[in-house]
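*Asks:* Single-letter residue listing:
2 protein chains.
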Amino acid sequence: MTGKTWAFEDFVEGMSIDLGAKDVTAAEIVEFASEFDPQPMHLDETAGQASILGGLSASGWHTCSMFMRLFCDAILLDSTSQGAPGVDHIKWRRPVLAGDRLTGHTVVVASRPSKSRPSLGLVTLRSELFNQRGETVLQLENTGMFLKRGAAI
Amino acid sequence: MTGKTWAFEDFVEGMSIDLGAKDVTAAEIVEFASEFDPQPMHLDETAGQASILGGLSASGWHTCSMFMRLFCDAILLDSTSQGAPGVDHIKWRRPVLAGDRLTGHTVVVASRPSKSRPSLGLVTLRSELFNQRGETVLQLENTGMFLKRGAAI
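As given, the protein sequences belong to chains A and B, one line each in that order. Heads up: the first sequence at position 17 corresponds to 17 in the numbering used here, and the numbers run straight through without jumps. Adding 1000 to a residue's 1-based position in the second sequence gives its number in the numbering used here.
If you're looking for bench data, these hints aren't it; they were derived computationally from the structure. Treat the hints with caution; some may be incorrect.
[What the hints assert, rightly or not] Covered, in the sense of this in silico footprint (three residues per stretch, anywhere, with C-beta under 8 Å from a C-beta of chain B), are these stretches of chain A: (1) 10-23; (2) 28-41; (3) 65-74; (4) 88-99.
No experiment lies behind these values; they were computed from the predicted model shown. Cβ atoms here follow ideal geometry from the backbone N, Cα and C, with glycine treated the same way.
Construct the entire structure; sequences and hints are all you get.
*Replies:* What follows is the structure in structure tokens.
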């Protein structure tokens, strides 16, 4: 038996799960970009202002990674997750700028038992992050595998 | 006029572009996971060996971010890129483990001028990363916007 808060049965279609909040700093944006995405608008305020993004802006992959941390803290680390094979349809709707405060939610769009592995279920989640003006900055959808509540760990 | 190596016209359907190589260290895996994806199999060798991933393994978002750095160095930083609205169909095919050496390529699957912005073209790219045994670890597809060669910057 699992003592986790989130097992397969706990993801009910239509429910929305709050992801908390994350304040985005210029230092974090530059640190991530220096290692993984060294395009000028992710490294320098002046270059960011000169770009279509309008300011020092987070790499799209940084935004995804910040989403993942919120998702871990809100759900995944206290769940029966058995991983996910991928992600579909990442959309970077607006720039994430230094000083932004991100919030988000994850909606359960589908849930079904695995046919091949009776201890597992598949949960399709659609997640969104918003900035402090309520504008959507990130949308993504993925399907994760979670053990059923009664399954042995 | 742009002096970049990669403008819209340089992405010819069917061409494959080499992405170079990246050696993945345990320290990098743990550093990324500590900040963005602190699941046990990404933080600790013993926990990784006990998981279905079989060892200390990179967060899927870390693998995507390492891909992005290879893609930047091989193409994007010397291109007329005007950004990308998102990514489709990320698939984490196999675990990326500490000590792996990643290589990759990007294939041009489609290329078309923008109807609404004559200075731009849209290029759809399918990218893959492989480990040192030639096994696919990551697949993803996205569509980027690139200025045409004659466009003013």
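*Asks:* Confirm or reject each hint.
*Replies:* Against the structure, the hints come out as follows:
no., hint, in the structure
1, 10-23, "violated (count 0)"
2, 28-41, "holds (count 6)"
3, 65-74, "holds (count 5)"
4, 88-99, "holds (count 5)"
In summary, the one numbered hint that this structure violates is 1.
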